[in-house]
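Novice: Given next are the chains, with one letter for each unit.
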Amino acid sequence: MTISWIQAGLLGLFACLCSNSCMAGQAVGNYTIGRPLVGGLICGLILGDLQLGIACGVAMQLVYIALVTPGGTVSADVRAISYIGIPLAMVAIASQGLNPLGGSAANLAKSVGTLVGTVGTVLYYSVATMNLVWQSFGWKDVHNGKLNKLTAVNFGWPWISHALFSFLPTMLLTYYGATAVTALRNALPMDGVAMKTLFTVGGMLPCVGIAILLRQIIGRTADFIPFLVGFTLAASLGLNLVSVTVVSLLFAVIMYEVEMSKGGGDHNKAVPEGPNDDDEEDI
Amino acid sequence: MENTNNLKKLDHKTLTKSFHRWFWGALTCFSQEHMQTFGYMASMLPILKKLYPKHEDQVKAIQAYTAFFNTNPMLGTVIVGITASMEQARANGKEIDGETINDMRAGLMGPIAGIGDSLIDGTLVPILLGISLGMSTGGSPLGAIFYIVSWVLIAYFGQRFLYFRGYRFGDQAVSFLVGKQGAAIRRAIGIVGSMVVGGVLASWVNVETSLKLYGANGKVFLNLQDKLNSIYPGLLTVVVTLFCWWLMTKRHVSAIWTMLILVVISLIGVLVGFFNPGLSY
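Chains A and B, in that order, are what the protein sequence lines are.
Numbering that gives the first Met the number 0 applies: residue 0 is where the first sequence begins, and numbers increase by one.
Numbering that gives the first Met the number 0 applies: residue 0 is where the second sequence begins, and numbers increase by one.
Calculated directly from the structure, the hints in this document are not laboratory data.
Check each hint, because a few of them may be wrong.
Stated by the list, open to error - With a Cα cut of at most 27 Å, we get these calculated DSS-like pairs of lysine-lysine:
1) B:93 x B:226
2) A:148 x B:59
3) B:93 x B:53
4) A:145 x B:7
5) A:148 x B:48
6) B:16 x B:59
7) B:59 x B:48
8) A:261 x B:48
9) B:179 x B:226
10) B:16 x A:148
11) B:179 x B:53
12) A:139 x B:48
13) A:261 x B:8
14) B:48 x A:145
15) B:12 x A:145
16) B:12 x B:59
17) A:148 x B:7
18) B:16 x B:93
19) A:261 x B:59
20) B:48 x B:16
21) A:139 x B:59
22) B:53 x B:16
23) B:226 x A:145
24) B:179 x A:145
25) B:53 x A:139
26) A:148 x B:53
27) B:179 x B:218
28) B:179 x A:148
29) A:139 x B:16
30) A:139 x B:179
31) B:12 x B:48
32) B:8 x B:93
Excised from the complex, chain B in its bound form:
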């Protein structure tokens, strides 16, 4: 144990610098071919400079990070933290080479991308936006301000937590994301997400028909919208949404084509008098 003093250890300042480079620069130099590779190299640079005083060692070490990398940039922060600890172990002569590091990165970036996209883009952001939309009624800036403050705080401190957790626990750090507890948390958050999204749809989207049938005496004998409302309020809105979901999920129609199909439906609906937004100058 006499060489304990010679062991290289990354200090808090270097790690923070590396984290900030990922936080700000994960995707600044994005391309379809290399995606987040350059963001990754840029955030590993402070670490490599600290661990390897000799320039040629730095050049050798960075070769590991030239491999393709792409994942969910928020949750993926944990991977950058893990590589920081692996790089530190490699600099201390542990049996870790560039290939070990890349196997870990390649193995994690897929699952982390899947979990991150559904957890953050698919659940957390819509919940925050849904609540913020509710505060924006009447053109109030309160909702936007609430979203800015809450999201930026969650993103910054959340990612910072993930980075340092990755550094401290190595590849053990992801167990809380992919293990049993992780699955339970994701399901629980998924429930909140689904219900809030349902609430957003009901509060802000309203597809209505203007179809009315007139009797011989000129009185309305069928007001379809009122009839539908007495069955289930917002029925048409739900039907149109599920139709879009069905097109995209079951028929593999792209979002743009789904929108064009809605244009056709609207045009026909307007022509036959099913839809009428009731406009006038």
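Excised from the complex, chain A in its bound form:
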């Protein structure tokens, strides 16, 4: 599998649309086009192998199931994961001759994609920094009363940031990276320690993603129980995810009733239960 300039350019365009501070809006761009599952669909269409694209997207989505960006800090960048990582992983899997639906292919995708995604944070900070230039235009316009120009500041100029730090890097990295990834096949034998480690890490990376999510939803020790019940339903009883969701609804209804029937009613605190890093006393 190779990547042509046209395909690389299309991937670059989607990278502009989807990153954090994306040009297609946060809900559609970042939360839809940017998610690896959707990225896998789009990359599959662009590179002409839908099945492999989806398989890579699913694998990567597991690692990044939680993409919480508290206060605008990111540890990985969706445009790099979805539109550099997935295409390169697809080329790598195709060149290694792995079964696209197999576990090894998924583990390779996770390793390649996560590496690229982590490095991609540079792109995120570059775009956000370059936007300061357009914002300085904006402050001048507000100062001089040229309010109509604010629209261009918010919707127009940032395209230049993305052309430089989303479109170009994605196009160049996917075009030249595809050759490099294919060459890797000869450099690293599959039964060597390096490849074995790469695949083993790939298998474990989703644990980090799930752990990030747990950090978000678990406030006290008892909160682990529904998580473990869900795990047991799927691992031991073999229920699929829709069934697990249906079972969980029962517990949700019970929890809601219990909370509502608690006395007092003076719980009008505006304190979110969200991420608390210093919860030593709870657990």
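Chain A is fixed; fit chain B onto it per the hints.
Specialist: Frame of chain A, contents of chain B only:
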């Protein structure tokens, strides 16, 4: 009451325009320094133009929105709606100034960010993704399509609802999020989120050991993975996940360092024969 006819009222078209500008542009001109400030100004522009016919009044009014703003962009839509109603009250001569508006914005953006991040990024999106992943087996595009359709509909109409609720009820609009009922709903949804995430982990992640001990006659007398499975299926997967959680929550290790620690563990595991992905050409 003779001046009722002179009261300015924002029409549906202007509000919708303002909402669309927030929906599409909350973060387009994002920077670490001002974050969503420009998105906010851009979405208030149609409102200000409608309420203040005179250009210099528009320039004066927008000063309130030059203050720093950042919150969860989905749930934060309610704040934009509230400011639309406050701005309308200010244009009608009520005792509201830029400072009142900014106090409200500054007071709400923190709690809304916390609730939004855990409710939407931490619960709703993972549930949708978990269900979609289940539909993607065998490389089927169905899961991705399901996610696109369900999420975009929820996001668009949900945010639209929040915007107009904010406009109609002012700062009363957030009571259903932060009050008692809000807390109960969040806990209930949290249960669904936790269980689905547990299910996702069990369905899609599988950490296994290849450690086997051979007896003198060459037969396997200990297959560790089989032993572990007979204790609790998926034990290693849960252990690795809880280890990562412990590192990040209790030891304050960043996600990237946690991944590097996993690389080291994998390397050692491969060298001693604990892990072997069983690869061959």
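Novice: It remains to establish, for every hint, whether it holds in the given structure.
Specialist: Going down the list of hints, with the structure as the test:
Proximity of residue 93 of chain B to residue 226 of chain B is assessed by CA-CA distance (about 73 Å); at most 27 Å being required, the pair is judged violated. Distance hint between residue 148 of chain A and residue 59 of chain B is fulfilled; the C-alpha atoms sit about 16 Å from each other, no more than 27 Å. With a CA separation close to 19 Å, the supplied pair residue 93 of chain B and residue 53 of chain B stays within the 27 Å bound. Between the alpha carbons of residue 145 of chain A and residue 7 of chain B the distance comes to roughly 24 Å, so the proposed pair stays at or under 27 Å and holds.
In summary, the hint linking residue 148 of chain A to residue 48 of chain B is supported, as the alpha carbons are separated by about 14 Å, within the 27 Å threshold. This hinted pair checks out: residue 16 of chain B and residue 59 of chain B have alpha carbons roughly 21 Å apart, not beyond 27 Å. Distance hint between residue 59 of chain B and residue 48 of chain B is fulfilled; the C-alpha atoms sit about 12 Å from each other, no more than 27 Å. With a C-alpha separation of about 48 Å, the suggested pair residue 261 of chain A and residue 48 of chain B falls outside the 27 Å cut-off, and the hint is violated.
For the proposed pair residue 179 of chain B and residue 226 of chain B, the alpha carbon gap of about 47 Å is over 27 Å, so the pair is violated. A threshold of 27 Å between alpha carbons decides the hint, and for residue 16 of chain B with residue 148 of chain A the separation of about 17 Å falls inside it, so the pair holds. Proposed proximity of residue 179 of chain B and residue 53 of chain B is contradicted: the alpha carbons are some 44 Å apart, above 27 Å. Annotation: proposed proximity of residue 139 of chain A to residue 48 of chain B holds, straight-line Cα distance about 19 Å (limit 27 Å).
Between residue 261 of chain A and residue 8 of chain B, the direct Cα distance comes to roughly 42 Å. Violation of the 27 Å bound is thereby established for this hinted pair. A threshold of 27 Å between alpha carbons decides the hint, and for residue 48 of chain B with residue 145 of chain A the separation of about 12 Å falls inside it, so the pair holds. For the proposed pair residue 12 of chain B and residue 145 of chain A, the alpha carbon gap of about 23 Å is at most 27 Å, so the pair holds. With a CA separation close to 23 Å, the supplied pair residue 12 of chain B and residue 59 of chain B stays within the 27 Å bound.
Between the alpha carbons of residue 148 of chain A and residue 7 of chain B the distance comes to roughly 25 Å, so the proposed pair stays at or under 27 Å and holds. With a C-alpha separation of about 24 Å, the suggested pairing of residue 16 of chain B with residue 93 of chain B holds against the 27 Å cut-off. With a C-alpha separation of about 48 Å, the suggested pairing of residue 261 of chain A with residue 59 of chain B is violated against the 27 Å cut-off. A C-alpha spacing of about 12 Å is found between residue 48 of chain B and residue 16 of chain B, which places the hinted pair at or below 27 Å, so the restraint holds.
Only pairs whose Cα atoms come within 27 Å are accepted, and residue 139 of chain A paired with residue 59 of chain B is accepted, the gap being roughly 14 Å. Pair hint residue 53 of chain B plus residue 16 of chain B holds up; C-alpha atoms about 20 Å apart against a cutoff of 27 Å. Restraint check: the Cα-Cα separation between residue 226 of chain B and residue 145 of chain A comes to about 72 Å, which exceeds 27 Å; the hinted pair is violated. About 45 Å separates the Cα atoms of residue 179 of chain B and residue 145 of chain A, which puts this hinted pair outside 27 Å; it is violated.
For the hint pairing residue 53 of chain B with residue 139 of chain A, the CA-to-CA distance comes to about 20 Å; that is within 27 Å, so the pair holds. Simply put, residue 148 of chain A and residue 53 of chain B have alpha-carbon atoms about 17 Å apart, close enough for the 27 Å limit, and the pair holds. Between residue 179 of chain B and residue 218 of chain B the CA atoms are separated by roughly 62 Å; this puts the pair beyond 27 Å, and the hint is violated. Proximity of residue 179 of chain B to residue 148 of chain A is assessed by CA-CA distance (about 44 Å); at most 27 Å being required, the pair is judged violated.
The straight-line distance between the Cα atoms of residue 139 of chain A and residue 16 of chain B is roughly 25 Å, inside the 27 Å bound, and the hint therefore holds. Pair hint residue 139 of chain A plus residue 179 of chain B does not hold up; C-alpha atoms about 45 Å apart against a cutoff of 27 Å. Of the supplied pair hints, the one linking residue 12 of chain B and residue 48 of chain B holds, its CA atoms being roughly 13 Å apart against a limit of 27 Å. A distance of roughly 13 Å separates the Cα atoms of residue 8 of chain B and residue 93 of chain B; the hinted pair therefore holds under the 27 Å criterion.
Figure legend: structure checked against the earlier numbered hints; hints not met, in rising order: 1, 8, 9, 11, 13, 19, 23, 24, 27, 28 and 30.
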